[in-house]
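Assemble the whole structure, with the sequences as input and the hints as a guide.
Those protein sequences? They're chains G and W, same order as listed. Under this note's numbering, the first residue of the first sequence carries the number 423, and numbering increases by one thereafter. Under this note's numbering, the first residue of the second sequence carries the number 27, and numbering increases by one thereafter.
Treat the hints as calculated values from the structure; they're not laboratory data. Where hints are given, some of them may not hold.
[Claimed, not checked] From the structure, some residues in chain G lie toward chain W, with a derived Cβ separation under 8 Å:
#1 Leu481
#2 Asn483
#3 Leu584
#4 Ser585
#5 His603
[Said to hold, decoys possible] FRET-style restraints, in silico, Cβ to Cβ:
#6 W:Asp252 / G:Glu460: 38 to 44 Å
#7 G:Glu435 / W:Lys250: 49 to 55 Å
#8 W:Met208 / G:Ile520: 27 to 33 Å
#9 W:Asn104 / G:Glu668: 51 to 57 Å
#10 W:Gly110 / G:Ser641: 52 to 58 Å
#11 W:Leu66 / G:Thr635: 40 to 46 Å
Think of the CB as a built atom: it goes at the ideal place given N, C-alpha and C, for glycine as much as any other residue.
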Amino acid sequence: MNIEKMKLREIFEKQPVAKDFFDSIGIEIIDDNLTLNEYVEKVDEEKLEDLGLSKDFILENFKEFLSNLSDIESNQLQQVKSITIIGGYNKLGEKENIEIEIKAGEIISIVGPTGSGKSRLLADIEWMAQGDTPTKRKILLNGEVPDKDLRFSSEFKLVAQLSQNMNFVIDLSVREFLLLHAESRFVQNKEEIVERVIEKANQLAGESFTGETPLTSLSGGQSRALMIADTAILSKSPIILIDEIENAGIDRKKALNLLVEEQKIVLMATHDPILALMGDKRFVISHGGIVKILETTEEEKKLLSKLEELDRTLLEYRNRLRFGERLS
Amino acid sequence: MKLITISGPPSSGKTAVIMKVIESLKQRNIKVGVVKFDCLLTDDDLLFKRHDIPVLKGLSGALCPDHYFVSNIEKCFNWGKEEGLDILISESAGLCNRCSPHIKDITAVCVIDNLSGLNTPKKIGPMLKSADIVIITKGDIVSQAEREVFAAKVRQVNPTAKILHVNGLTGQGAYEFTLLLMDSEDVETLEGKSLRFSMPSALCSYCLGETRIGEKYQVGNVRKMDV
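Here it is in structure tokens:
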């Protein structure tokens with residue numbers, strides 16, 4: 423749209439969130455029957471001085487704000503169907519002989535001792551490294567070298583990270599917060615999506631909660647379930663990075679299934695055999711390089727069922743303990 | 027030499043981020059020095075010295091810290107050149123949220139943390155709104171959703187900046203930040219350069235040491251609330 427010629431009212435009709443820009447810089451729109459330039463000319467100089475703003479700032483930033491919005495609408499940035507990791511060098515300077523494509527819906531476990539370079543690998547992916555990090559790795563999206571500007575686009579974040587942190591710090595109810603998150607992503611029909619996140623999160627959590635529950639009073643398992651459901655459904659990042667999922671108050675298999683259903687690429691740094699075997703493949707990291715890629719075998723999948731059985735037994739004992747029973 | 031102005035609210039993690047950035051730059055044999063501006067007291071200069079980082083310390087005391095900054099930055103810049111630095115980083119806290127040390131044509135960075143509250147980006151003036159790079163810290167303490175909402179609030183008030191997440195404890199993101207800093211232009215002199223925004227004018231009786239409360243003691247640039 424031609425912003426220069428349009429009246430503010432017309433811009434707001436097309437892009438209701440454009441109003442937020444003026445709200446966030448502290449400028450009221452009293453008369454929207456003006457073009458941007460006409461409006462800025464009328465803003466009181468003293469008011470600008472107080473706010474630490476200038477006319478040029480408003481003009482330039484509002485245009486940029488609108489252009490960010492239209493990037494989101496065009497949505498072409500977010501279609502990541504695969505990433506490719508092209509090996510660089512390990513910490514000993516040896517070549518990392520690897521070129522591997524990971525597709526949407528795949529789960530990859532990443533294993534290796536502390537300090538082996540798991541974090542660097544994940545950082546290389548997040549940064550879309552092009553031989554410009556210490557490992558000299560290259561990352562391709564959909565088989566191509568990604569646009570360098572994507573690194574700083576706030577509308578396109580390649581990686582969403584679910585860290586071990588289990589708490590929210592914001593003092594809002596579940597629904598209020600999810601609505602805020604939906605608004606920040608400029609999603610359509612936000613109420614509907616928010617209800618879906620709450621429903622899915624409840625399917626993952628051991629104990630149920632509602633949209634009215636304050637975020638800060640969720641249990642660890644509930645928080646985790648909400649974080650995963652929110653990331654699966656509301657976050658636009660195509661890659662989800664998981665740093666362990668503690669086995670408490672959450673159905674981990676369902677959680678991973680939800681991410682796969684939403685066509686995410688899931689990377690898990692874990693040493694929990696149950697979680698690791700839920701992956702399709704595992705990358706083995708040593709001395710800063712990927713040394714092996716193991717596909718989960720049929721035998722391992724059988725073992726997984728056995729381990730899950732053990733896990734359930736343990737959980738049962740835990741519950742009986744909780745209810746004051748004798749264990750036998 | 028490159029000059030980088032780094033500012034941000036108190037306790038947002040400026041010093042921790044700077045330490046991680048310098049660690050990363052040192053590995054590539056880039057010589058970095060710091061000038062640390064503060065008000066009453068700082069021990070951070072000792073921290074930098076312990077890591078063999080050339081450092082200057084400026085305490086503004088009873089003066090407005092940002093006015094103190096702009097009166098001294100040229101001298102500090104010349105010091106950095108004499109020390110043979112490749113990069114000089116100036117660190118200052120934006121205390122009243124209205125002042126900003128950012129200079130035209132000099133890379134301007136604002137550090138702000140995820141814990142500071144969703145309305146904080148709105149409340150900070152040119153220090154955040156006119157920065158070229160915004161570093162968001164303490165991402166490990168909050169959830170992915172909270173990080174996304176906070177970053178969106180920052181983007182709203184500064185649609186042009188490059189926004190990066192850096193963890194001041196683990197250094198995650200610091201390397202990527204240095205790549206951006208290395209893109210800054212080298213500068214010969216600061217003489218004649220201007221601040222991006224004027225600093226608030228405030229010359230009233232209280233600036234000059236008045237302590238008594240009451241209309242009759244107030245002269246100069248005094249403004250009254252509508253009550």
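Original post:
Okay, which hints does this one fail, numbers in order?
Top reply: Those not satisfied are hints 1, 6, 7.
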